[in-house]
Structures are given as C-alpha cells and as structure tokens.
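Colleague: Each protein sequence line maps, in turn, to chains A and B. If you read the first sequence in the numbering used here, its first letter stands for residue 1, the second for the next number, and so on. If you read the second sequence in the numbering used here, its first letter stands for residue 276, the second for the next number, and so on.
Treat each hint with caution, since some may be false.
Partial list, computed: chain B residues near chain A (C-beta under 8 Å) [stated by the list, open to error]:
#: 1; residue: Arg378
#: 2; residue: Arg496
#: 3; residue: Val497
Taking lysine-lysine and the BS3-like style, the derived pairs with C-alpha atoms no more than 30 Å apart in a straight line are [claimed, not checked]:
#: 4; chain 1: B; residue 1: Lys507; chain 2: A; residue 2: Lys40
#: 5; chain 1: B; residue 1: Lys396; chain 2: B; residue 2: Lys417
#: 6; chain 1: B; residue 1: Lys507; chain 2: A; residue 2: Lys161
#: 7; chain 1: B; residue 1: Lys355; chain 2: B; residue 2: Lys396
#: 8; chain 1: A; residue 1: Lys161; chain 2: A; residue 2: Lys40
No lab work stands behind these hints, which were simulated from the structure alone. Every residue, glycine too, gets a C-beta built ideally from N, C-alpha and C.
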Amino acid sequence: MSAPLAAPPAAWVDTEPGPVTLLRTALSRIATMCLVELQKLRHDRTELVTRAVQPALWLIIFGQVFTNIHAIPTGNTPYLDFLAPGILAQSALFIAIFYGIQIIWERDAGVLAKLLVTPTPRVALVAAKAFAAGVRAVAQAVVVLLLSVVLGVSFTANPLKLLGVIVALMLGSAFFCCLSITIAGLVLSRDRLMGIGQAITMPLFFASNALYPVALMPTWLQWVNHINPLSYEVEALRGLLIGTPARMGLCFGVLVVAAAAMITIASSLLPRLTR
Amino acid sequence: MTSPFDSSAPPAVRCTGLRQAFGDTVAVDGLDLEVRRGEVFGLLGPNGAGKTTTIRSITTLLPAPPGTVTVLGRDVARQKTQVRRLIGYVPQQLSADGTLTGRENVMLFARLFDLPRRSRKEQVESVLEAMDLVEAADRPVKTYSGGMVRRLELAQALVSAPQLLVLDEPTVGLDPVARDGVWDRIARTRAETGMTVLVTTHAMQEADEHCERIALMHRGRVRALGTPEELKGAIGPDTTLDDVFRHHTGDTLDSDKGGIRDVRAARRTAGRLG
Ligand SMILES: Nc1ncnc2c1ncn2[C@@H]1O[C@H](COP(=O)(O)OP(=O)(O)OP(=O)(O)O)[C@@H](O)[C@H]1O
Ligand SMILES: [Mg+2]
C-alpha cells in the first residue's frame, strides 16, 4: 500500500457512545446514506421517467373519461383537477411500497449485513431509505404535474405552497416506505412481501379520497378512510395545489406522527432480516 | 492501545460455549474458540458446519448471550458499537452495490466509519490502489468481474484500518488467478498493519498455504485445532489437509445439512452483478 492506513481516532473505540454522540452519529449517518441514495438515483435516471408512465395513464385515461361522463360530483372543481393530486399521492405510494422489496434484495445480496456491521444506528439506514423514497416521489411528481398542466389543470404557483407539496410527499413516502420495510422485517421473504404488498396497496388507494370525495363512500369505507394516512396526504396536496378546503394542521400532524412512528418500528425490525 | 505482542492482552476473538439454534437446527453447539492477535486463522468445515453462523455471531449480526463472545476484549453482546468499529467484514456473498461506482462504494464505508474529512479521500485512493482498482474505480460495480468485486469488498473492509478482518469464504467462485490476487492482498495488508485475519474456507489447499492456525468445525463444534503441520502430523506421514478434513468429518464432504440457502443467495447475487 502506498501510504499506511490511518486508524480512526482511538478514543472512539473505548466507550459505548452516549445519547449525544449517538444522536450526532445518527444525523451524520442519515446524511451519508441519503447521499448514497442520491448517487444511485443519478446513475439510474431513466427509471424516473419510465415510472411516470403509469400515473400518466391514470390521468389521461381515467381522468379524461370520468371528466366526460360527469360520474363523480366534485362541486366547482373540474374532475381532472380533483384527480391530479390524488394521482401524485398514488404514484408516491407505489414507489414507496417497492422499498421493502429492495431491502430484501439488499439482504439476500449481503449488502445489508455489511452495513449492519458498521457503527451505524439502524434508524439511519431506515431514514435514508425513507428519504430516497421521498426524492423519487418528488421527481415523479414534477413529471405528473407538468403533464397535468398540459391537460389543462391549473395549479398554484405560490412557491410556499409548492414547498408544502414537497414536504407532504416526502412525509407520505417515508410512511409507506417504512411500512413496507416493516412488513419485510416481519415476513422476511420476497415472495410473501410481494403478495402482501399487492394485497394492501390497492385497498389503501381505493379506501382513500384519491379518486372520489369522501362523501361518496359507504360509511364503513369512510371509517377506513379516517385511519388511512394516504387520505391526509391527498387532502393536503389537494388543498395546496388547487385550493380545495383542507385541514392543513391535522393533515401535516398526522403525516409527521405516522412517518416518525413507522421509521421507529421499521428500524427495530431491520436486524431481524439478517438473522 | 495494547501491542499485538503483549501476551496479557485479550485475544482477537474468544468464543466460550457459543450456541446458536434456528428452530430445531442447532447450527453452533457449544463452540470454544480463541483467535490470537495478529494471526491468520482459518475456520474450516463442510457445508452446514456452522462457520457462517459463528462469523455472524462474532460480527454482531446474531445476538449472543453476554460473556460468550469477545472481540479484542470487548463483549459482543454489550459493546456492539465498539466491536463494529474494530471489524472489517466481507460476507459470503459478493456484496457491493452494483449501481454505485467502485469509488462510491469505498467512500461510503469511509464515511460510515467517521474517517476525518481531510484524510478520507487519500485513504480511499490508497485502498483502491492497494486492491488494483484505480482504473475501474469510476465504473459501476455491475460491470466488474467476480474477482474485482471481491477486491472491492476488501477495499471497503480495509478502508477503516480494522484490527480484525473477517472474511467468509473470500475466494469461493473465483478463478485461480483471482484467488491468488485476493490472498496476495490480504497478506500484504496484514504485513503492513499487523491486523488479525479470521477466514472461513472449504479450500484445503488455500488454508494450508495461507493460514497460520486452523480450526476444523463439524456439526457446530471444533473437532481439531492447530497449525496445518500439526493437524497433518497427527494423522500420519504424507497426509494433506484433505485427509485431515475427511478424518474429522467422516464422509460428509457432501453433507445434506444446509448450504442450499447460501448457494441460492450466491447465485442470485451473481445474476444481478453479472
Ligand atoms: N437464518 C437461518 N435460518 C435457519 N437455519 C439456518 C440459518 N442460518 C443457518 N442455518 C442452518 O444452520 C446450519 C449451519 O449453517 P452455516 O451457514 O453456519 O454453515 P456453514 O458452515 O457456513 O456452511 P457453508 O459452507 O455451506 O457456507 C445449517 O444447517 C443451516 O441450514
Ligand atoms: Mg457459510
């Protein structure tokens, strides 16, 4: 070797880290892992576009047809305007649910074990995945929003509100990404995870206000809707983008608490994957 | 820090009555093992002997009761973070991130071990150079050959200057030239740093050539322990390690115990990387 390797400062190996050190390490690790996720996205840019095909089809076909037949009453709001924020949330959901499968692949490939043997808190690994899911969701949202504008939907141009859209998408993605990692940590196999993933994403989507107003739902579905974080995400997105009435405080409150809780649960289940 | 030659210093690894079971399968069954500081120690045994399970207990991946496993004097159950700082680990599967470049893969580990910003870049270049990967460093790892991925994994494990390098079948699936390449670099780094190397393998020839001491594992226990010469000498004149292996494990070279999971995982990785 050209130069001898310098060992990291020796003091670090002589004590178990205290809470302050732990927090600082966690934050620095989250930054590191987020950077890696961004590097992966950069190497893999075509995927961002191909993944936008499905939401585009929903908007163009479902949106146009239901606008024309006036089947879903959305008051003064044109149906396509009503639908677009719902499709944003849907595409974010579909991306995020994929992360559980990715973590199982990383487990099978030995990548996860290697990361778990570094001095890195589990929560940092999970939070970085949550962040990456959010970044993908936002990138895809840009494509979907541009397409909606072409289709004649009019959105807010207020930068603060657009910032709110990004935050809502990141929080929603974090929740569903960690939900998926949690299920991965429980079922431990790719096949079972794919089955369960499919079994829950569609119901989550249909038991939300993404496609139709809550008032149209049967009572039991309204109950599901109340505990479905996707609905709060859609309500916030819709309020911010097209100005429909929304309980912003409640929506963001639910999203923050749900995301934080899910990150915690997923981190505690992560080591199960390599046992 | 204690010198590696100080006889009162705790050993690099000590397992005392380690037991690991998965449901009804007892993978490790009361294992006693001591790896001295600075040596190259080989853990040998047939498929399913419990080598990987032992390695995963030492590297903090599997929970072990307090007092059963220590790494350089630190209890793996109680001082996980400290133990992790001291270890460089290369798992059985070929496991680098295929979408990242080689340099990005190594830089990630430099960051995860808190190498100071100033020396980080230098250190990454230095290990890439030592593993002969400078030219390929900016290519995505999915374009690497198996031997290159293994050398990259060594670079990842070595960038933090570990005191204990743990390798689970480092040369499996590599051609003879790539094997020599891997062993060469392990030997060179060890000569420079004095680190301890713990390695598992099926390849008796390699163990004979490169390990100073060997433990032969079978059904979760150590069946024989010593230098390759001692082990061969105990069986009789003109024996090879293959004979030693057969002597201690019966005819279980094709054990029906386990192995399938790892083989499957290795194949999947190969597909993804290839
Ligand atoms: N996570 C697990 N769940 C269930 N059984 C397991 C698990 N890990 C290992 N085993 C079983 O424990 C036993 C020991 O496995 P281990 O992987 O430690 O063997 P090994 O010596 O590394 O074998 P190989 O040479 O094939 O890699 C085997 O019977 C294996 O099937
Ligand atoms: Mg093994």
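Colleague: Look at each hint and say if it fits the structure.
Modeller: How the hints compare with the structure:
Taking 8 Å as the C-beta contact cut-off toward chain A, the hint placing Arg378 of chain B at the interface is violated, the least distance being around 10 Å. Among the interface hints, the one on Arg496 of chain B is violated; its C-beta lies about 21 Å from the nearest C-beta in chain A, farther than the 8 Å criterion. With a cut of 8 Å, the hint placing Val497 of chain B at the interface with chain A is violated, because the nearest CB-to-CB distance is about 23 Å. A hinted pair counts as satisfied when its Cα atoms are at most 30 Å apart, and Lys507 of chain B with Lys40 of chain A does not qualify at roughly 50 Å.
Using a Cα cut-off of 30 Å, the hinted pair Lys396 of chain B and Lys417 of chain B holds, with the two alpha carbons roughly 23 Å apart. Simply put, Lys507 of chain B and Lys161 of chain A have alpha-carbon atoms about 76 Å apart, too far for the 30 Å limit, and the pair is violated. Distance restraint check for Lys355 of chain B and Lys396 of chain B: the Cα-Cα separation of roughly 27 Å lies within the 30 Å cut-off, and the hinted pair is therefore satisfied. Distance hint between Lys161 of chain A and Lys40 of chain A is fulfilled; the C-alpha atoms sit about 29 Å from each other, no more than 30 Å.
Of the numbered hints listed earlier, those contradicted by the structure are 1, 2, 3, 4, 6.
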